[in-house]
Amino acid sequence: MKSEFTPPFGKITQIVGKCISLIGNDIDTDRIIPARFLKCVNFDSLGKSVFEDDRETLKGKHPFDLKENKNASILIVNSNFGCGSSREHAPQALMRWGIKAIIGESFAEIFYSNCIAIGIPCFTLSKKSIQVIQKYIDNKSLFLEIELKSSLAKSKDLNFDLEIKESSRKMFLSGEWDATSTLLENENLIEDKFKNLPYLKF
Amino acid sequence: MSQDTLFDKVWDLHKVSSLPGGSDQIFIGLHLIHEVTSPQAFGALKDKNLKVKFPTRTVATVDHIVPTDNQSRPFKDNLAEQMIETLEKNCLQHKIRFFNIGSGNQGIVHVVAPELGLTQPGMTIACGDSHTSTHGAFGSIAFGIGTSQVRDVLATQTIAMNKLKVRQIWCENKLSNGVYAKDLVLHIISELGVKAGVGFAYEFAGPAITALSMEERMTICNMSIEGGARCGYINPDEKTFNYIKNKLCAPKNENWDEALLWWKSLKSDANSIYDDVIKFDASKVEPTVTWGITPGQSVGINQQIPLLEELSPNDQFVAEEAYEYMGFKPGQSIKDTPVDVCFIGSCTNGRISDLRVAAKVLKDKKVSEKVKAFVVPGSEKVANEAKKEGLDIIFKDSGFQWREPGCSMCLAMNSDKLIGNQVSASSSNRNFKGRQGSPSGRTLLMSPAMVAVAAINGKVSDVREFIDR
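Here the protein sequences come in this chain order: A and B.
This note's numbering puts the first residue of the first sequence at 1, with every later residue one more than the last.
This note's numbering puts the first residue of the second sequence at 1, with every later residue one more than the last.
Honestly, the hints are just simulated from the structure, not real lab data.
Among the clues, some could well be false.
Said to hold, decoys possible - No more than 25 Å apart at the CA atoms, straight line, and that leaves these computed lysine-lysine pairs for DSS-like:
{"#": "1", "chain 1": "B", "residue 1": "Lys46", "chain 2": "B", "residue 2": "Lys76"}
{"#": "2", "chain 1": "A", "residue 1": "Lys165", "chain 2": "B", "residue 2": "Lys163"}
{"#": "3", "chain 1": "B", "residue 1": "Lys335", "chain 2": "A", "residue 2": "Lys170"}
{"#": "4", "chain 1": "B", "residue 1": "Lys245", "chain 2": "A", "residue 2": "Lys39"}
{"#": "5", "chain 1": "B", "residue 1": "Lys372", "chain 2": "B", "residue 2": "Lys335"}
{"#": "6", "chain 1": "A", "residue 1": "Lys48", "chain 2": "A", "residue 2": "Lys67"}
{"#": "7", "chain 1": "A", "residue 1": "Lys127", "chain 2": "B", "residue 2": "Lys165"}
As the list claims (entries may be wrong) - Cβ pair distances, simulated, as ranges:
{"#": "8", "chain 1": "B", "residue 1": "Ser312", "chain 2": "A", "residue 2": "Thr13", "range": "34 to 44 Å"}
{"#": "9", "chain 1": "A", "residue 1": "Lys201", "chain 2": "B", "residue 2": "Ala211", "range": "28 to 38 Å"}
{"#": "10", "chain 1": "A", "residue 1": "Glu163", "chain 2": "B", "residue 2": "Asn421", "range": "17 to 27 Å"}
{"#": "11", "chain 1": "A", "residue 1": "Leu189", "chain 2": "B", "residue 2": "His94", "range": "15 to 25 Å"}
We put the beta carbon where it would ideally sit given N, CA and C, even for glycine.
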C-alpha cells in the first residue's frame, strides 16, 4: 500500500504502471472488501484491508501480498469482476492500495459505474488476450502505458487495443467523470423536472 | 433497442438531459439512504460546499449495522454507534426524514419503503445498496448506486447513467405447491448465469409472475442483481395498487384517483419491443438450493451438485473454486447436507408472508439440537404484525431465537456471524465466500420454508415431503 494517497483529479488521459494479475471469475465486492470493514464513516483506511480474507487464507501468496507486485497500479482480472454489493468501498479500497486502472474480460455493472465515478478507468479485452497478459505476468513484470484517447496499451513486448465505453472515455478525457458539477450545470432543467413529475404532486 | 416498455416510459419521463459523454442525466424521484453508504457522501457535500437539493425526496433508515439482540443505545459496538450517530446528525442537519429504531417504522430499507407506501409505480428509485432492485416489484425503475452517486443524488437529485437494455423474462404456468418465489428466482439465475443481466433491466412477466403476491414479487426483483441486472421490474396491476392503498405515504383522496389513472398507463404496451425475451416454465421449478459461492450455483432439491464436465467451460472455473470452498464433491446430493445455522430474514425474505410460511412449517415442531436458528424480522412493522399473529411464540417454541429487525447475518455487519466453516441454511441473497461473517463460512441459499425444514431436520430437506407428512 502506498503511504500517501492522492485521489485522481481532473482530466485522465494516460495511465502508466506495473500490472498485477488476479485470476478468477465472479470475484465479488464482499471479497474485495469484507463487510466488517464497511463500519467506517470515511474511506481513508480501506487500502490495507483490500482482499483481507482471501489474503489471510493464502498466507502471503495472494497477488496483493507478493513482493513483485508492490507498487503495481494496473489490475488484470477475468470475468464479471466486482459483482454483488454496490459498496463503493470496494473500488475505494483498490484505489487506496494503489490501483489506477483495471483491465478485465468483463465487469459487474454497479462496480463499473463506481470505478468511473471515482476516476478508475476499466477496460475490457478478450478472454484470450487477458490470458496472454496473465501468463506473461507469471514470469516477468509487465509495465503498460495506456492512452485513454486511442485505448492503446503499449509495453516492450506486448501491445493491446483495449476497449472502453465511449461515454466513459469521454468523461475521463474531459474530467467530467467527477460528475457533480456537470450535473449541476442543468439546474434549471432539474427544477423543471421536479415541478412536472406527476407523482411529486400526489 | 427496446420501445414502449415500462422501462422506456419511466426512463424517458425522468430524463433531464443528454450529457456530453453520451450518457443520460436521470432524475431520481425517491432516494433512500442508510448508515453504511451515506456518510462519505455527506462528507463530500461538505467538502464541495453543497446542499441537499430536495431534502423531501430522500428518506433514511438504519439497518446494516444494527444489533438484533440488544438495541439499547449506545450500541456495544463503538463503530456501529458512530455510524448511527453520523446518520442521525446528517439527517437532522439536512432536514431528511429518518425512521430510527423505535419509531415503529425502522427496518431494512427495502422492506420499509414499500410498507410505508413510499415505493410507487413509475418512480425512479435509487439507494446506495444493490438490492434496491426490490422496488421494481411495484413498476418503478429502481437500482443500486455507489457512494459517489449518492453524493450526486443528494446534491442534484440526478445521476449520470447509460440507458439499460430491456430483457423480458416470461414465466409460463404457475409454481407448484411448496415452491416459492425464491426458488423461481434462484432457478432463473442458475439458468441465465450471474452476469447475463449486465447492461439489462429485467422485466419479469407472465402468468407465474402475475399470480405472485407483492411480497413474492419483491423477492424476485430483489435478486435481479444476483443475475447481473442492476434493475428488475414487474408491470403494476390491481395487486400493486391494493398493496399501496392506505399506506402512510400513499396518495390520498382525489390524489389517489389521479395516481391510479397514471399508474395504469405505465405498463409495457402489448406491442412493446424488447431487446431480448427468455421464457421459463414455472411449473417445472423445484425447491432450489445453492451449493456454491455464487447465487447462480444452485440445483433443485432432488438434483445432484453438477459434475465439472456438465458445466460450460466458462462456469468450470468458479465451480472448481466452489467445490473446494464448500467441501462438496461433484455429483453429491444437496439433500441431507447437514446445517449448523438457520437464518430467516433479509430484504429478500424477511417480510411478514415469509415469517408466516416459516411459522406454519415450525408450528408444534422443534429445531434440531445441533442447529442454531434465528429469525430477524425485516422491519419493526413486520415484527409487530408477527407478534400480533403470535408468530413470535411459534418461532420461540420451536427453538428459533426471535430477534430485533435489521440486515443481520445476510451480510454480518453486526455480531450475527457464522463461526469457522459452519454451514448456514439462509433465506438471504448471497452465498459469496465469507459473506456471513466468517472467512470460511458456507452459505446455502433457499426459501424461508426450506430454512425452517432444514432447522427441524438439521439438514437440507424437501419442504414438500414435510408438508405432506
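Status of the hints after comparison with the structure:
Note on Lys46(B) and Lys76(B): the hinted pairing is violated, with a Cα-Cα distance of about 29 Å set against a maximum of 25 Å. With a C-alpha separation of about 13 Å, the suggested pairing of Lys165(A) with Lys163(B) holds against the 25 Å cut-off. As the CA atoms of Lys335(B) and Lys170(A) are separated by approximately 52 Å, the hinted pair breaks the 25 Å bound. For the given pair, Lys245(B) sits about 37 Å from Lys39(A) by alpha-carbon distance, which is inconsistent with the 25 Å threshold.
Of the pairs offered as hints, the one joining Lys372(B) and Lys335(B) holds, with about 19 Å between alpha carbons and a cut-off of 25 Å not exceeded. With a CA separation close to 15 Å, the supplied pair Lys48(A) and Lys67(A) stays within the 25 Å bound. Proposed proximity of Lys127(A) and Lys165(B) is supported: the alpha carbons are some 24 Å apart, at most 25 Å. The given range of 34 to 44 Å is respected by Ser312(B) and Thr13(A), whose C-beta atoms sit roughly 39 Å from each other.
Evaluation of the 28 to 38 Å hint for Lys201(A) and Ala211(B) yields a pass: the beta carbon distance comes to about 33 Å. Checked against the given bound of 17 to 27 Å, the beta carbons of Glu163(A) and Asn421(B), roughly 40 Å apart, lie outside it. Evaluation of the 15 to 25 Å hint for Leu189(A) and His94(B) yields a pass: the beta carbon distance comes to about 23 Å.
Against the hints set out earlier in the document, violations occur for numbers 1, 3, 4, 10.
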